[in-house]
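Peer 1: Please model the entire structure based on the sequences and the hints provided.
Protein chains: 2
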Amino acid sequence: MRWCRFRVGEKVSYGLVEGDEVAQVMGTPFGRHRRTGTRLPLSEVKLLVPCVPPTFYAAGVNYMDHVTGTAALLGRSAEPPAKPDIGYRANNALTGHGDPIVIPGDATQDVQYEGELVVVISKQAKDLREDQVWDYILGYTIGNDVSERTWQHGDRTLWRAKNADTFKPMGPWIDTEADPAEMRTTVRLNHRVVADFATNNMIYGIATYLSVMTKYITLYPGDVVWMGTDGIPQNMKPGDVVEVEISGIGTLQNPVLAEGT
Amino acid sequence: MRWCRFRVGEKVSYGLVEGDEVAQVMGTPFGRHRRTGTRLPLSEVKLLVPCVPPTFYAAGVNYMDHVTGTAALLGRSAEPPAKPDIGYRANNALTGHGDPIVIPGDATQDVQYEGELVVVISKQAKDLREDQVWDYILGYTIGNDVSERTWQHGDRTLWRAKNADTFKPMGPWIDTEADPAEMRTTVRLNHRVVADFATNNMIYGIATYLSVMTKYITLYPGDVVWMGTDGIPQNMKPGDVVEVEISGIGTLQNPVLAEGT
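Protein chains in written order, with the working numbering: chain A, 1 to 261; chain B, 1 to 261.
Below, in silico cross-link-like pairs of lysine-lysine (BS3-like), each with a Cα-Cα straight-line distance of 30 Å or less:
#	chain 1	residue 1	chain 2	residue 2
1	A	Lys215	A	Lys123
2	B	Lys215	B	Lys83
3	B	Lys83	B	Lys126
4	A	Lys11	B	Lys126
5	A	Lys237	B	Lys126
6	A	Lys126	B	Lys46
7	A	Lys46	B	Lys126
8	A	Lys237	B	Lys215
9	B	Lys237	A	Lys215
10	A	Lys126	B	Lys237
11	A	Lys123	A	Lys83
12	B	Lys46	A	Lys215
13	A	Lys11	A	Lys46
14	B	Lys237	A	Lys83
15	B	Lys11	B	Lys123
16	A	Lys126	A	Lys215
17	B	Lys123	A	Lys46
18	A	Lys126	B	Lys11
19	B	Lys123	A	Lys11
Calculated Cβ distances over 10 Å to all of chain A for the following chain B residues:
#	residue
20	His33
21	Gly37
22	Ala78
23	Met202
Bear in mind the hints are in silico, worked out from the structure with no lab data behind them.
No residue lacks a Cβ here, since even glycine has one placed at the ideal position from N, Cα and C.
Peer 2: Right, dumping it as structure tokens:
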């Protein structure tokens, strides 16, 4: 099943993507819902981020090739995170499939994509064992953790480096049947492959993260957990098109624009 | 005007605190609303956090005595932040006036209060000049930025140090007329004053923060910005009661419990 969220006119609805159509749903995937009977061509609806999380979690550094490659670029020793300390991103930065990534006027040229698997939480959860976490996952979507590297290394927090408006494309939908063990993440910049990795090849996997997090944190329906990226991202520039494809889910595509254009 | 949010039975409403009564309101302070005509004794309603923010911002280090005192404790040199880089907290950790702060079972004894002024955003805002920010503030409430210092210094992020469940008491209500220039923040632990400072004595003030933030970030109605604390906080232990009073707003009071009790 593929849950999407879309706008027709002023109205925002959830829907189920079925082939090239969307079946409109009343309610949400996190509670009571039913089909309205309305079906719309997928090409005619404006897809929004598939959910707006109460809390927006992100693993950050979570793949070994990203650790070693980034360390080499910065002339540092490669140290993977010692434990699964979850981080955060901000809702203001979320933007949907097809929407532009807008590069702020004073950003450097080092604005980069990061293709990431996104876990969507289905129900309230606390103190989960690793074997229990799968019952609390609605499904998976795709995120692009756009990052301005100069700000990332120079600011006290990741606020504008990772959370400038439009820096967090997420979508196109939530797939409830995809299996992380079978996924590959492929990033294309202007239709050229620039990253390709086994999605599940994480330093700390989904079960580990959710189990450790819920020792201290209650997860709520619609919370999202971005699982990190692999490899060494490249710069994007205005006019580019960036795509993150994860097999079993779909493709998140966004154009890149300069602020004020 | 003092906006609160409360539960009666299963129903959650906004209300206006008037003396020792609450006038129930249909709608929210961020949009259309009207009085329902129902009035309830303030002592009989369960106050909730006065809003649930789309994004939960926090200035972190923002008072000079806190900078110098913390640096002395850690044996480091005192360096104030070079610029107003905003940080984040997480909604899972929010809890209301009167609710317990629950200390996780494996926390150290270094669990501390931080009394903070909270700015509540009234409407969507981008690219604000410093003289414009006041038109985008609904009012002010009080936050207690509870922190486990061992985790704060040892983990890669602030996830459980600052965002364990119940670590972010906020309330009791939003005062729309209080003036930050006139405020004093007083923290009491078991009714003994442990901190007392001029609320507005910030390294970077409200106008500076909101203006700089909105260069890159769109603020939305209900977003909150916690402005930091002054002085050197002390440890809290199970059985304690912590109060943060800010003149012109009110008092946020929470008991401290050990997990599992």
